[in-house]
Every structure is written in structure tokens, then in C-alpha cells.
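A.B. asks: Single-letter residue listing:
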Amino acid sequence: MPGTLTPIDTERRPQRRPERRTDDPDHGDGGNGRRPPTDKRTGGGGDNDNWNDRPQGHRGPREKLKRCRQGVFLALAGDVMFFVAIVSAFFVSQSSGRWDAYNNYINQWLPTAIPPVLWLNTAVLVLSSVTAEVARRKMFNQIDAMEEWFGLGRPTSRRAMPWLVATAFLGLLFLAGQFLAWHQLNLQGVFMRSNVSSHFFFLITGAHGLHLVLGVGALVGAVFGLRYSKQVENRQIIVDCSVWYWHSMGIVWLFLFTLLAFFQ
Amino acid sequence: MLLQPLTTANLILLRWPLPADASAHGPALDHHLILNIWIAGALLGTVHLILLIGLLSRRRSTESRRGWIVEYVPLSFIIVLFAGLTIQAEILWASARYTGADAAALQVEVTGMQFAWYFRYPGADAAFGRTDAKLVAPGEGNPVGIDPADPRGADDFVTSELVLPVGRAIDLRLHAQDVIHGFAVPEMRLKQNAVPGETIHLHFTPTIAGTYAILCTQLCGSGHYRMQANLRVLPPGEFAAWLASRQSGAAR
Amino acid sequence: MTPNPQAPGFREKHCHPERSGAESKDLQFARAATDASPLKEESFLRRCVFSTDHRVIGRQYLVLALISVAIGTVLSLLMRLHLTWPEIGLPLHGPILPEDYLALVTFHGTLMIFYVLTTAPQSGFGNLILPSQIGARHMAFPRLNAAAFWLTAVALVTLLSATLAQGGGPISGWTAYPPLSAVASAGPGQGLGMDLWLASLGLFSIATTIASVNTLTTVIRCRCEGMTWERLPLTVWGWFTAALLSLLAFSVLLAALLLLFCDRHAGTSFFVPAGDIVGRTLHGGGNGSPLLWLHLFWFFGHPEVYIAILPGMGLTSMVLGNFARRRIFGYRIMIATTLLIGFLGILVWGHHMFVAGLNPFAGTAFSVSTMAIAIPAAAKVLSWLATIWRSRPEPKSAMLFALGFVSLFVTGGLTGPILAQPILDQYLHNTFFVVAHFHIIMAMAGVFGLFSATYYWFPQIAGTPLRPARLMSETLGRIHFWGTLAGAYATFLPMHITGLEGEPRHYAQLTGIPGQQAAHLLARTIPLQAPITFAAIFLAAAQLPFLLNLVVSLRNGRLAPPNPWNATTLEWAPEPSPDETIAVHRAPCDYRQRNNEATFLPQWVSDSSTE
Chain A
448 MPGTLTPIDT ERRPQRRPER RTDDPDHGDG GNGRRPPTDK RTGGGGDNDN
498 WNDRPQGHRG PREKLKRCRQ GVFLALAGDV MFFVAIVSAF FVSQSSGRWD
548 AYNNYINQWL PTAIPPVLWL NTAVLVLSSV TAEVARRKMF NQIDAMEEWF
598 GLGRPTSRRA MPWLVATAFL GLLFLAGQFL AWHQLNLQGV FMRSNVSSHF
648 FFLITGAHGL HLVLGVGALV GAVFGLRYSK QVENRQIIVD CSVWYWHSMG
698 IVWLFLFTLL AFFQ
Chain B
2 MLLQPLTTAN LILLRWPLPA DASAHGPALD HHLILNIWIA GALLGTVHLI
52 LLIGLLSRRR STESRRGWIV EYVPLSFIIV LFAGLTIQAE ILWASARYTG
102 ADAAALQVEV TGMQFAWYFR YPGADAAFGR TDAKLVAPGE GNPVGIDPAD
152 PRGADDFVTS ELVLPVGRAI DLRLHAQDVI HGFAVPEMRL KQNAVPGETI
202 HLHFTPTIAG TYAILCTQLC GSGHYRMQAN LRVLPPGEFA AWLASRQSGA
252 AR
Chain C
505 MTPNPQAPGF REKHCHPERS GAESKDLQFA RAATDASPLK EESFLRRCVF
555 STDHRVIGRQ YLVLALISVA IGTVLSLLMR LHLTWPEIGL PLHGPILPED
605 YLALVTFHGT LMIFYVLTTA PQSGFGNLIL PSQIGARHMA FPRLNAAAFW
655 LTAVALVTLL SATLAQGGGP ISGWTAYPPL SAVASAGPGQ GLGMDLWLAS
705 LGLFSIATTI ASVNTLTTVI RCRCEGMTWE RLPLTVWGWF TAALLSLLAF
755 SVLLAALLLL FCDRHAGTSF FVPAGDIVGR TLHGGGNGSP LLWLHLFWFF
805 GHPEVYIAIL PGMGLTSMVL GNFARRRIFG YRIMIATTLL IGFLGILVWG
855 HHMFVAGLNP FAGTAFSVST MAIAIPAAAK VLSWLATIWR SRPEPKSAML
905 FALGFVSLFV TGGLTGPILA QPILDQYLHN TFFVVAHFHI IMAMAGVFGL
955 FSATYYWFPQ IAGTPLRPAR LMSETLGRIH FWGTLAGAYA TFLPMHITGL
1005 EGEPRHYAQL TGIPGQQAAH LLARTIPLQA PITFAAIFLA AAQLPFLLNL
1055 VVSLRNGRLA PPNPWNATTL EWAPEPSPDE TIAVHRAPCD YRQRNNEATF
1105 LPQWVSDSST E
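Sequence order for the protein chains is A, B and C. Residues 448 to 711, numbered by the working numbering, are exactly what the first sequence covers, in order. Residues 2 to 253, numbered by the working numbering, are exactly what the second sequence covers, in order. Residues 505 to 1115, numbered by the working numbering, are exactly what the third sequence covers, in order.
Keep in mind that a hint or two might mislead.
[Claimed, not checked] One-sided excerpt, in silico: chain A residues whose CB lies under 10 Å from chain C:
| # | residue |
| --- | --- |
| 1 | GLN503 |
| 2 | PHE520 |
| 3 | VAL539 |
| 4 | MET639 |
| 5 | PHE649 |
[Claimed, not checked] Covered, in the sense of this in silico footprint (three residues per stretch, anywhere, with C-beta under 8 Å from a C-beta of chain B), are these stretches of chain C:
| # | region |
| --- | --- |
| 6 | 686-699 |
| 7 | 827-840 |
| 8 | 895-903 |
Calculated directly from the structure, the hints in this document are not laboratory data. The beta-carbon is built from N, C-alpha and C at its ideal position, and this holds for glycine as well.
Can you make the complete structure from the sequences, with help from the hints?
C.D. replies: In C-alpha cells:
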């Protein structure tokens, strides 16, 4: 089966390609639905595989996937800046003291002891990333994707779905654990307004928790997508992007947890 | 000083928007400011001249290929020029801000609040008494909240105008009670925000006696436009007399 | 049983779906592609309101920006009227109280910086033109694009609703320094009004982040064949760099807004120090620092102003080259300076804080980095001058506004280094000198960029599948240009003088000042107030020909020929048919002399044989 050709010359005549899909020019499978979106080397190999010279829709079977991944990556970069801002405020507040009326330099930062359930939550989140990755890889299993593309059932979705559900369930478990941690702190009289360190504890866990709620929503959306989305390529994309977001939130949590556990 | 060719007449010509200048660091600041304005004006004029000439001249059929003349020579000139201005500016900034005030400077504490300035003098013991936010009571004559339990505060006195002696180094301790205020004395070429929770030092030396305006220059609420005070700079003898009368008043 | 691709008969069985019986949707779609697919009938709502067509979304952003700039201009005129003639009251409202004035200041700044200068250049013209200029048929994520616009619209409505809030609109300016913005009792309008302001900007930040992700992905992934990074038009480089800055900066703003919100409603004290007394009430349980807000806000705030100006700089280069029929001088240097300005813009935020309580050594560091930005900016100006040198350009309106951009950019930019020196900022901070600086360079140069874009790309704005492309009237355009240029200089040049005289910002009135010496000082600034106000009224009035031009040209403007400006960039190429491959063959701005005749080679034309 010929891969897409890399033209050597740039002479371009407007070519009619009658089999091209006209309303979705970025269908990344050779432009005519002839190949399923399984992993192949883009562009038929060779050294002159310059992305910039290839027309849109002819850049390989993963063109749309790469575009969506790029979008998710950029959005995550912005999100990381959000957390960077909060973490830098954390360090600044931690080391800021003031001079009291008696000319003593006092720093009111009292570290908030993290409830031990946070360790369990971290383990749960790591486990959920494992299940998420299993789900993601199952979506890209070559044979299954090929079968699905031919209409022989939905083996990728069938195999990935339970892992996605497990991930969502573990995510909800994590969130419940975070709520439990908050509740335990409240029982000990530690509220958000109690101390500067507790401002940050509740803010950081709350902001991350909110991101995770969005992540669970994305996973639920992926589950619905597996059921209702019509093209295997789109199903792969929605699962892939949700899982990458999930992994990133897991990595962010590892940083934040280390910050809260060891750097207060 | 970086450049000398500017004559006094030229300086005066550009001085007319600037208000009176009554502090020790003021003339150098003014000189540098006016130098900057002249340079900016010259660059502005040059660029517009080049623009107009370039637009109105007859069309040149072939394009200029002398990239390095057009791009790099002016750029190098601008780099050198701005580097020079920056170095001079940093020298002035360092002399004003890098080190604290003279040890023999007169200390005055400035407190800004919505919408007034209060000035506290340390009195004969040259020490400020403790203040407590809970004791702030402007209506009862204690706008900065001096703690009566502290003996060092017994001789402190608070005024609503800032009175200073000519020719002596002054060290201001800026406080703000509620929101960020901007302590500014345009005629002393001074400006520094007073930030709640911080004590910020500002030092200078008044050189000409007179009465000057203290403004608030950081938006602090609906009364921002009417938050002012007077700065009176007195000859040393008169200042001593004023101080004595105030201190005896405080001691009673 | 999984089919084995290696098995004989596999192809016959599986590649001919009519034989295999069960047919996947993928195959159905593939076969459907061979049929002529009729346009789906879309509802009015889907087609016009919630459209995912990037051109429609671009126009929607432009309309939003137009509404915002109209409101913002009216607010600024009210401010000028009040400063000059304080006794004048508003009908149905009465006299303008100090808190009303400060609310005007806050809304003016917020509307203009966010809803005009961040939306129109980047999302308005970007959505309209960017895909065409890189040879993409649509943006990378059309539905996210529509979502971002509608979120921005909701944010605008939220902001405007703050005027109706109990207690009035917020009075802490667009910079919202705490504790003034953190404590509701610190001023009128700092209660619900401030909360609505926070909500509006929070939504706006999220919307802008989505839009910047869209722009970046489109530029990185959706370029057409032959469109290498070096062949991208400078406008695209401007949008790209501005989107990068957006992505980094708005997240930090969102974090700062979140912290401020917690201070206001969750009992925290990120920004409110211990012992803070506002109106006899002690606030601040912990020990916060107002300086933390300043750092976070200005880390966002300075890249924000570069986001506002970078697309305009890119457009100016392209328009100057187009009408001067010249190659851009130093194209690669222009790309490098765009990126360098973007990068340096992240490192200079402290120059807003020289006298705010910053460590003086940090002040020196920020001063040096700020002066460094003068270098790429000067390189850009030199390139513009060299591009138009002895070129006798056609004085079309788009070109006039691009030249006006150069003039105003230089004028406003040259006062930047003055303010970048902390010792001078010690006198000039928060005076009208600063107001003059940023108005000339942002409000006027930035807006001149928008005007130039409107005149230049009007055929793209006006031309829809149902309506022909039209041109704006050149006569009205010239009146608009000269009026606006004169009005701009007449309004903002005198502000340098009042600033040097010491006129402070945010003063609700300059007369009736209780402090005697202060009244004396401020009285010196009064003679120039009336001329500035008259000039401002003239400047606003000079926009009427533009509005008239818009309305008239949309209906009856001259029909535009296919490439009215003989441009070389891809947005002027003939509309490609759905199955045609879009490709470019050279860098833009290929204007050349051949046989003593000025000619040009657009990007989309393949190499001609006579070359």
C-alpha cells in the first residue's frame, strides 16, 4: 500500500483528488479514508520527511491526534503556570515575616500537618494513572484498531472501557479522600483561614481537586465517546487527550504533595 | 555627569514644567531628566524627519543593500547611548537608595491612612514608642496608636504637618494603616509608596526653606484626591524652637 | 477471531466492504467522501450565532471590541469633562462624585486593555485572517474557538453589570491593588462591584487561554505545504508570540484573582497584612503582603501590553511593505525581534514597582532589562524606516495608519526609557507623564494598528458567502486618519507637560483641594486641562467618519477586486476549491523590479518560467 508521496519539486498544479473527504480535510489517514488510523511511520519514510512541505491531510495517520495532543499540551503549559504562580506565592509567604511592635521579627507560618490519608490518596492517584495508561494503550492496539476500522465490532473500546471506568472510580476515590482530609483538619480546628500555611493547604488541594473534577468529567466524556462517537480515530483521540490530562494532574499532584508534605 | 554641552539657558528652558526643586539630590535628578527629554526629543525629531524624507523623496528604483549601515550602525549608537543613560541613572539611584540614611539623620515616622498623613517625631529620647493597631483612635488624639504603656512613647508627638530643618539629613519611616498610599513631595523629587505591614525608609536632605506640598500618589479610595499635607522646611534656629515648643507640649 | 492481515484473502474479504456485510462507520464515511456531499442545512443559531466558522467568530470578536471601545471612549470623555469642569453633572445621575470618577477610571482601563486591545488584534483579526495566511482552511479547534468567544461575551456582560451593583462599580483601577481591593469596606463599590469585576476577569482569562491554545496549535500544526516558519508573514509571527505570552500570563492573572477572591471571601490573608485597620475594623488574620499582588499582577500585566502591541507591529511591517512595494528590510531580524520582545517582556515587570517597596537592587535589575527592550524595538523601527525609504508609497488609508503607527510607536516608545530609569521614575511615577506614555503607545499606536487592519482587510471582513467583498471609502479614510493623528498628538502630548508639573493620576478633581500647598501645585496644571479635553473631544469626534465609513461601505462600498492591494500573502489568494491543495512557494513580500517595472510574486503563485 503506497504511503503518501513526498514530492521532490515544489511545482504545484491544483490537483483534483476525487476520493478526498471534502468536509474534513484534516482526516489524517491519507486523505481518502483508505487507511485506518493505526501507527505507521508518517510519510513513507526517507530523510526528506519535512513536515512543512507536506499538505494538510497528507501528513500521516496521526495528524488529527497530534493536533489535539498539541492543544492539550499547550493548555497544560498554561495550567502549569497557574500552579507555578500559586507555588511561588507559597514560598514567598512562607519566608515573609514582619516586625511586631516590640521589634521582634516574627514569622507566623505554622506548618499544617497533612492528614495521613493524603498518602493513601496519592497512592490511589498513582494507581489511577496506571489504569488510565492501560486504557490508553488498549485504544491504540494495532490489530484491534484495524478490526474496529473494518467494522468488526469495537474491540478497542471494549477493552479500554473498564480501565477508563476504573480510572474514573479511582479519581472519585481520591476526591473523596481529599474531602476526608479536609474534614479531618476541620475537626481539629484547622480551617482555611486559620494560618497562612492552611490558606495554602486548602487552596492548593482545592485548586488541584477542581482540576481533577474536570478530569473525571473528561473521563466520563470519554466513556460516552466510546459509546457514541462514530469514528475509531475520534475515540482514540478523546481517550488519549483525557488520559494525558489525567497523567499531568497526577504529576502536578506529586509535586504539590511533596511541597505540602516536606516543604512547609 | 555624562554630557556637558547643555547650557544653563537650555536647562532653564526645559525647567518650566518642573516645580521648584528643594532637595539635595534634586538638581542631579532634574539635570538627568532634562537630558533624557532632550535626547528623546532629538531621536523623535530625527525619526520623523527620516520618515518624511523617505516618504516624499523620489522613488529609488533599486533597493538599498547596505544593511549594516542602515541597521547596525544606528542600533549600535542607540545601544551605547541608552547604556550611558542607564549607567548614569543607576549611579544616581544607588546614591539615593542603596544605602540607608546618615546615622545622624532626623527620624520622622510618616503614617498614611484614608485620607490623611500623620507625622510622628521621636522626641527628646530619639526613640519611637511602641504602636498597636488596636489603640488607633484618631478622634482621641492618638491617630497612630501609640501604646501608653511604653515609656519611650511618652515624649513622642504627632503632627499633621511635616516640619523639617534645612540642610540636615532626614530619614522618613513610611507606614500605612489601611491601604497602599503613595508619599510624594514633588518639590523634593521624592516618591515612595507606603505599604501596610511594611516600614519603608526614605531619606533626603532639604536644601531650601519654604512650604511644599505632600501628595498621595497611589490610588487609595474615594478621598485620594484630597489626601495631602504640608511640608514646612525651616532654618535650623526656627526648627529648634518649633521642636522645643512641641516637645514641651507633649511632655505635659 | 481476529483477522490476520497476513492471511491470504484478507484483502478481498476486508477491503471490499460490500462483500463483508458488516460495515463500519469509518468505511461509510470513506465511501461517502466519494459522493458529492451536499451542504448540511444549518439552523440560524448554528450558522450565525454559535458558528464555528473562524471568520464569523473573528467578526463577532470585532463587534465585541467595537462596543467596548465605544463605551470606553465615552467613559474617558466623561472623565475629561469632570476634570476640566467639575461642576457639570450627568443628566439622570447628578454630579460626578469622586467614587463615580474612580469607577469611570476602573471601567475605562479594564474595557480598553482587556476587551479592546486583547480581543480585537489577537482574536478578532487573528481569527479572521490567520488561517488564510498560513493556508489552513480553519482553526485547529473550531468549537473551542466559539466557546472562547461566548465566554468572553459573558465576561463583558458581567463586567458591565458591575455598574449596577449595590454600592456601585469598583474604584480600585484596572490594577486593583489590595488592601483597597481586598477589603470590601475600603471604599464604595469595593463590595459586590469588585466581586463582579473579579468574576469578569476570571472568565476572560480562561477564554483568552483557550483562544491562545487554539492560535498556537493552528500555527504549529495547520500550516499548508511550503509554509515554513521563515515564510510565515510577520503578522502571523505577531499573533504567535502574543498567543505564547497570553498562555503564560493569563494563568498567573487567574491565580492572582483566585488569591484575591479568597482574601475577600474565605478569610485568608494572602495580601492583607496583620494589623490592617480599615474604617476602625481590624482586618488580616495572618500576615499577608500587598506586594505579592503587585508581583503577580505585573508579571501578568507587562506581557499583557506586549500582547496588545505585537500583532500591530507585525501588521505594520506587512502593510508598509505592501504599499511601498518593497521587501521588508531584514525579515529574519524582524522575526527575531518579535520573539525577543516577547521574551524580554516577561522579565521586566518590576519597572511598575520601582517606588512600590521593591528592593532597590531589584529595581536596578529591572531597569536594565527594561532598557534592553529598547534594542529590538529600535531594530523594528529602523526596519520600518528602511522599508519605506524612497519608495513613494500609495497613500491608501491602510498605509497612512501604518505610518501613523510608526510615528506614535516612536513617540510613545521614547518616553519608555525615561520611565525605565528608577531615579526618574521616583519623580514621574503615577503622574500624567506615565498616562501620556501608555496612551500614546497603546491607545493610539495599538488602535492605529487596528484601524490599519480594518482598512486593509475590509474585503475580508465584508465578504461572506452571501455578500460580495467591498472596500472602504478612501476619502473618509483620509479624513479619519488626519483627524485622529492630530487629535492623538493634541490630546496626549500636553499630558507630558502636566506630568512633569506633577499632576498625579487618579485624582477625581484638581480644584477644591483642601491642602493649600497642594492646591497651589495642582493649580499650575489646570491651564492645560481644557485644551486636552477639547482635543479629546475632537479625537472622539474624528472617529465618526470611521463609523460612517464602516456602515456605508458594508452596504454600498466599492466592490473589491480579488487582490485589491496587489499583496503577496495568502489571504488574498483566490478562494481554493474544497479539494485543491493549498501551497506556497516563496516568502511573502516578494516585490521586485523587472525591466524597470515594479512587479510582485505572491506566495501562492508557482515559480514563473521567466525567472
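A.B. asks: So, for every hint listed, does it hold in this structure?
C.D. replies: Now the hints, each set against the structure:
no. : hint    : verdict
1   : GLN503  : holds, 6 Å
2   : PHE520  : holds, 9 Å
3   : VAL539  : holds, 6 Å
4   : MET639  : holds, 5 Å
5   : PHE649  : holds, 8 Å
6   : 686-699 : holds (count 4)
7   : 827-840 : holds (count 5)
8   : 895-903 : holds (count 3)
Of the numbered hints stated above, none is contradicted by the structure.
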